[in-house]
Amino acid sequence: MMEARTAAGRNSFAGAPVWLLGLIPLALIGLTLGAFALLGGPGLGQRSGVPIEDLAVERTVLHPGEFELMVRNDGPDAVDIAQVSVNDAYLPFTASDGQRVGRLGSTTLTIPYDWVEGQAYEITLLTSTGGTISTEIASAAETPDAGIGFYGLMTLLGVYVGLIPVGMGMLWLPFVRRVTAEWMRVLIGFTVGLLAFLAIDATIEGIDLAGGAPSAFGGPLLVFLGVVAAYLALSAAEGYLGGRQRKVRDGSPAMGTGAAGTGAFLALLVAIGIGLHNLGEGLAVGSSYAGGALALGAFLVIGFAIHNTTEGLAIVAPLAETRPRLRRLAGLGLIAGGPAIVGAWIGAAAFNPSLGAFLFGVGAGAIVQVIRQLWPAMRETADEFLPPVAVVGMLGGIAVMYATSLLVAV
Amino acid sequence: MTGAIAAPTLAAAHELIPHRGIHHALGGGEAASAHEAMHGSEAATGMAMHNGFAAGGTVDHRANGFDPSELVRDFDYGRTRRLASGRVLREWTLVAQDKEIEVAPGVRFAAWTYNGRIPGPTLRCREGELLRVRLVNASSHPHTAHFHGIHAAAMDGMPGVGEQRGGGLIRTGEDFTYEFDAAPFGIHHYHCHVMPLAEHIAKGLYGTFIVDPKQGRPAADELVMVMNGFDTNYDSENEIYAVNSIPFHYVDRPIRVKRGELVRIYLLNILEYDQLNSFHIHANFFDYFPTGTRLDSTEHTDIVALAQGQRGILELRFPHAGRFMFHAHKNEFAELGWLGFFEVVE
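Residue numbers (the working numbering), protein chains in the order written: chain A, 895 to 1304; chain B, 497 to 842.
Isolated chain B (complex conformation) (with noise of 0.2 Å):
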C-alpha cells in the first residue's frame, strides 16, 4: 500500500540510504487514518458478534510504545554502509529493558523488551551482508541475544560462551555487539537466551528476523505476524494469547489489503508453555514456504500447525472483497486473544 509495499522494489536504494524513519512515517500515518475510518463504527458492532474484551476497553499503544496496526509492516533495516570490500555492512542498536505493557485492556504486565516492545524490532537485511547487532543492556536482569543464523560460537549469545570476546551473560549496564553473516535468507527470529530461559522469552525478549534471497522475492504487501503470549500471573500458563501481542486487535482493527494483491506475511511462533500453535485463515489457502529458506512452496493449505520457534512465510491473494478472520485454530488460543481480521478492500 505505500512504503512497506515499495520496499523490495527498492532494493537497492535500501542497501545504501538510511531511511528507517521514512518507513515509520508512511506506515504510521497510514495506520492511523486506517484505525480511525474504522474504529467508530465496525469496532462496536464487531464486539458483539464473537469473542472479545469488555465493551469500550483499549489498550493504550501510545503508552505501550507500540500499536500492532504498525508494527505489523514495520521492517527495521538498520543503518548501512558499503566497506572497502564493497559489502554491505548493516547495523542495529538493540536495547534490553524492563517496561511495564498493557497486554489487554486495563491488564498490566511487568514485561522485557527489546527497543520498548513486544516483539521486538523486525530486523531485515539481505543475504550476503555483514551484519552487527550491538545488545545495550539497561534492563535489571542480565540478558542476551541469540540469533537463529549462522555465526561463530562467541556470537551466539549464550551465557558462558565467548566470555572472554566480551559475549555471553551482558549484564545490567553492559554491552556487546554481536556480529555475523546474513545466512541462510528466510524468516528467523532472536530472543534472550539467559536462565531461566521460558521466563526471559515469556516475559517478552523476542523479535523476528528477516533475511531477504539475494535476487529478492516477488513484490508484495509484506506483514510480520508473531504468534505469542503473556503468562500474567507466572503459573507457566498463558492467560493471553495474541498475534503481535495484543489479544483481539485485529478485530477492532482489522488489516487492510487490496483485493487481488499479493500478500507476504512472515510468520513467526514464539508462544512459550504451549506445545503448538498454529495459522489458520478463512475463506482462502496460501503457498506456504517453511522456514523461508526455499524459494518454492511446500504446500497449497489454509492451515499450518508451528511449535515454538518455527516459523515460515505464507504468500496468498484474496479473490473477494470483504472481512475474513484468520486465528490460532487451536480454538483455545484464538478465543483467549488469538484471532483477527483481514478487510479485504478494492
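So here's chain A without its partners, still in its complex pose (with noise of 0.2 Å):
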C-alpha cells in the first residue's frame, strides 16, 4: 500500500516537465514570503528602539557660491533631513528629491554658501529625530565642469600616468630578449613582485574607497567581488582564447602545462591585468582632482611615470622569445595604458565611492590571475617550487614599486 503509493507519487513527477519541477519550490517560497509580509511577520512584533538613520554623502559639489552634497540613504529606515549647518551655522537649502529619503534612495541638497578656496568646511545634516550626520570638505575648490577642455585635460592626466610610463618601460624589450634564461627568471619573478604589489595596494585602495560609500551597497565586499569576479573571467576568458590558441596552431599542445600559454598570450594578459588596475588608478586620481583634493603638481606626474614605466616592463617580459610587431606591442601598451584616461574621465565625471571600491577589486582580481599565468614562468623545472633567483627577483619587484610609490601619495 505504502510502497504503491510512493510509486505513484513518483510516476506523477515524472510526467510533469523539468522546468515546471525547478518553478514550483520558486512559486513556494514566493507565495510564503508574500504571505509573510502580508500578515506584517506575525509573530515578530515591532523593532524596538528609535529609527537607524544612515547618511552617506557619495559626492561633493562646489560651484561658486554654493556647496552641492549627493546623500544617499544607508540604512534601514527613511531619513528626514530638517536642517543644514555649514561651519556651525544653519542655512537654508533645498533638496532636490525632497527632505526625505527613503531606504537606498538619494537626493541632493543645494546650500547657497559664499566659501574661500582651500578653507576647510564642515557641513552637518540634522535629521527629524535630532540626529546628525556630518561630512567635510577638507579644502575647498571648485569641482570643474564637464566641459571638453575638463575632458582634454583628463586625457592628458591619464596619458601622463598610463600610456607614457607603460610605453617606456616597453623600451626594455631589447635588453629582456638578450638577458640569459636566469635572468630572466629573475626578471619574471620582479614583474611578479610588482604585480602582487599593485593587487595588495588596489585592495587597500579599494576598501579605503569603500569607507565612504553606502554600507548597503556591500562596502568591502564589494572590493573582495571585484576580485573574485575579475579573477574568474579572466580565467574563463584565458580558457577560450588559450583553446582557440592551440587550434591554431595546429593541435601542438601549450609550452609548459596548461595555464602558461605562449609568451605572446602572456603578455596579452599581463597588459589587461595592469590595464583594468590603471581604470582604478584613473579612476583614484580623477575623483581626487575633481575634488580639488589633489594639485596637479610636476612632480606628482614624474612620480606616476617612474612608478608605471615599471609595469611596461611587466608587460615585454613574456615576449623575451617573441618577435612581435610594432603594432602588437602599441596594442598592448594601449591595453595596458589606456584605462587611465578612462578612469580619470569616469573618476573626475561622475565618481561614485561605490563603483570605485568594484573596480579597484577588479583590478587586483585581474592581477591574481595574471600571477598565475607568470608564475611556471619563473621556474626551471615544473616540480620546483621557485628558484632562489625568481625570489630575488620578485623581492626587487616588490621593493621597487614600495620606493616609487612614495612618490605619489595622492
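Keep in mind the hints are simulated off the structure, nothing from the lab. Treat the hints loosely; a few may be bogus.
[To be verified] Quick list of in silico lysine to aspartate or glutamate cross-link-like pairs, DMTMM-like style, CA-CA up to 20 Å:
no.	chain 1	residue 1	chain 2	residue 2
1	B	Lys826	A	Glu1016
2	B	Lys826	A	Glu1274
3	B	Lys754	B	Glu795
4	B	Lys595	B	Glu670
5	B	Lys754	B	Glu566
6	B	Lys595	B	Asp556
Since the structure is predicted, the reported quantities are computational estimates derived from the model, not experimental observations.
Take the two lone chains and join them into the complex the hints point to.
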C-alpha cells in the first residue's frame, strides 16, 4: 500500500516537465514570503528602539557661492533631513528629491554659501530625530565643469600617468631579449613581485574607498566581489583564447602546462591585468582632482611615470622569445595604459565610491590571475617550487614598487 | 502694551485676584495678530538676509503647547489668598511630564518639561509672600523642583535630602509641595536636580522664578528671555541654540516694542554643556542689574556674559523705530539659532 502510493507519487512527478519541477519550489517560496509580508511578519513584533538613520554623502560638488551634496540613505529606515548647517551655522537649503530620503534613495542638497578657496568646511545634516551626519570638505576648490577642456585635461592626465610610462617601460624589450634564461627568471620574478604589490595596493585602496561608500551596497565586500569576478572572468577568457590558439597551432600542446600559454598570450594577459589596475588608478586620480584634493604638480606626474614605467617591463618580459610587430606592442601598451584615461574621465565626472571600490577589486583580481599565469615561467622545472633567483627578483619588484609609490602619495 | 505691561501697576489686585487666564488671553491675542501682520512679507525677505532654516519651515507651536511670541510676556502669578496673619499665600502646580517638542522645523526632541512647555512657566511673586509649589511627577523618570532662593533643607528639591518629609526624589506618580518664603527679590530660577543633572536640565526641566521687590519696579513692557539649547543627538554638545527654545523664532516674528517706552528683560542663562552665553543688543545700551537683587544698576552696556544659572535684569528704551537685532555675541550660538529681532514701532 505504502509502496504503491510512493510509486504513484513518483510517477505523477515523472510526468511533469522539468521546468515546472524547477519552478514549483520558487513559487512556493514567493507565496510564503508574500503571505508573511502581508501579515506583517506574524510573531515577530515591532522592532524596538528609535529609527536607524544612516546617510552617506556620495559626492560633494562646489560651485561659486554654493555647495552641492549627493546624499544616499544607507540605513533600513527613511531619513528626514530637517536642517543643514555649515561650520556651525544653520542655512537655508533645497533638496532636489525632497528632504525625506527612503532606503537606498538619494537626494541632492544645494546650500548657498559664499565659501573661500582652500578653507575647510564641515557640513552637518540635522535629521528629524535630532541626529547629525557630518561631512568634511578638506580644502574647498571649485569642482571643474565637465566640458571639453576638462575631458581634455583628464585625457592628458591619463596619458601622463598611464600611456607614456607604460610605453617607456616597454622599451626594455631589446634588453629582455638578450638576457640569459637565469636572468629572465629574475625579471619574471621582478614582474610578479611588482604585480603582487599592485594587487595588495589596489585592494587596500578599494577598501579605503568603500569606507566612504554606503554600506548598504556592500562596502568592502564590493572590493572582494570585484577580485573574484575579475579572476574568474579572466580565467574563462584565458581558457577560451588559449583553446583557440592551440587549435590554430595545429593541435600542438601549449608550452609549459595548461595555464602558461605562449609568450605573446601571456603578455596580453599581463597587459589586461595592468590595464584594469590602471582603470582604478585613473579613477582615484580623476576623482581627487575633481574634488580639489589633488594638485596636478609636475612632481606627481613624474612620480607616477616612474611608478608605472615598471609596469611596461612586466608586459614585455614574457615577450623575450618572440618577435612581435610594433603594432602589436603599441596595442599592448594601449590596453595597459589606456584605461587610466577612461578611469580619469569616470572619476572626475561621475565618481561613485561603490563603483570605485568594485573597480579596484576588479583590478586586483585581474592581477592575481596574471600572477598565476606568470608563475610557471619563473621555474626551471615543473616540480620545483621557486628558484632563489626568482625570489630575489620578486623581492626586488616589491621594493621598487614600494619606493616609487612613496613619490605618488595621493 | 497690554496685560503684561500693566501688571506691575496693578500690584495690589495681583495679590488677591486670580487672573492668570486674563493674562493669557490678552497676551495670546496680541501675539497672534502681530504675527499675522508681520509674517507674510517680512519673514520671507528675512530668510535671505541672514542665517536661518530651510525656507518655508516653521515649528508647530500648537502641537508644542507653547509659542515663544506669547511666552516672552507670559508671567504666571499663580493663585493667591490672604492668610489669617495677613500674609499672602501664593500657590502653583508644576507637572513634570515627558513630551516630544519640535525644537526646530522638522526636528523632534524627546523632552522633559514642567507643564508641557520649555522653559517651564515663569513663576512670579512678591517679596515676603509665602509660596507653595506643588510638583506632580507625571513623567516616566524621577524628578524634583530645585528653587534658587532661600529655604529649608527639606524644600531644596535635592534627592536624599528631606526624604522623611516626603521631599527629595519625587518618583513617577508621586507629588510633593515645596513651601518657602519669597526671598530675596530678583530674578531666579528653578530646575530639576536629579542625576544625571546635566541631562535632566538639558532635556527641558527649568524655568524662571521672579520675586518682585516689595515696592515694585517702574512700569515697563516686561519680557522674559531664557537662553537655552538642545543636544538633539545626545553627544553632550548642543545642536540648537535659542532664546525661549525655538531657534530664529524672533527673526521670523520679531518682538514688538514701542519707541521710547521702558523695556525690562528678565534674562536667564540655563544653557547646558557650554561654558558661557551672552546677550547683545544692536544700536542700543541697557542698564544691567545682576540677579536683580539690587535696585541700582551696576553697568551701562550693550553686552552681558552669563555662565550657566546666572541671570539678571536689563532695562532699556529704544530711541529709534525699526528693526534691531539681539543675539548671543558668541556668534556660533547666534548662527545656530540664538538670534532675534526687536521691531520698534511708534
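Here's how the hints hold up against the structure:
Taken as a hint, the Lys826 of chain B and Glu1016 of chain A pair is honoured in the structure, with Cα atoms around 19 Å apart against an allowance of 20 Å. Distance hint between Lys826 of chain B and Glu1274 of chain A is unfulfilled; the C-alpha atoms sit about 76 Å from each other, more than 20 Å. As the CA atoms of Lys754 of chain B and Glu795 of chain B are separated by approximately 23 Å, the hinted pair breaks the 20 Å bound. Under the criterion of a C-alpha separation no larger than 20 Å, the hint pairing Lys595 of chain B with Glu670 of chain B is consistent with the structure, at around 18 Å.
Annotation: proposed proximity of Lys754 of chain B to Glu566 of chain B holds, straight-line Cα distance about 17 Å (limit 20 Å). For the given pair, Lys595 of chain B sits about 14 Å from Asp556 of chain B by alpha-carbon distance, which is consistent with the 20 Å threshold.
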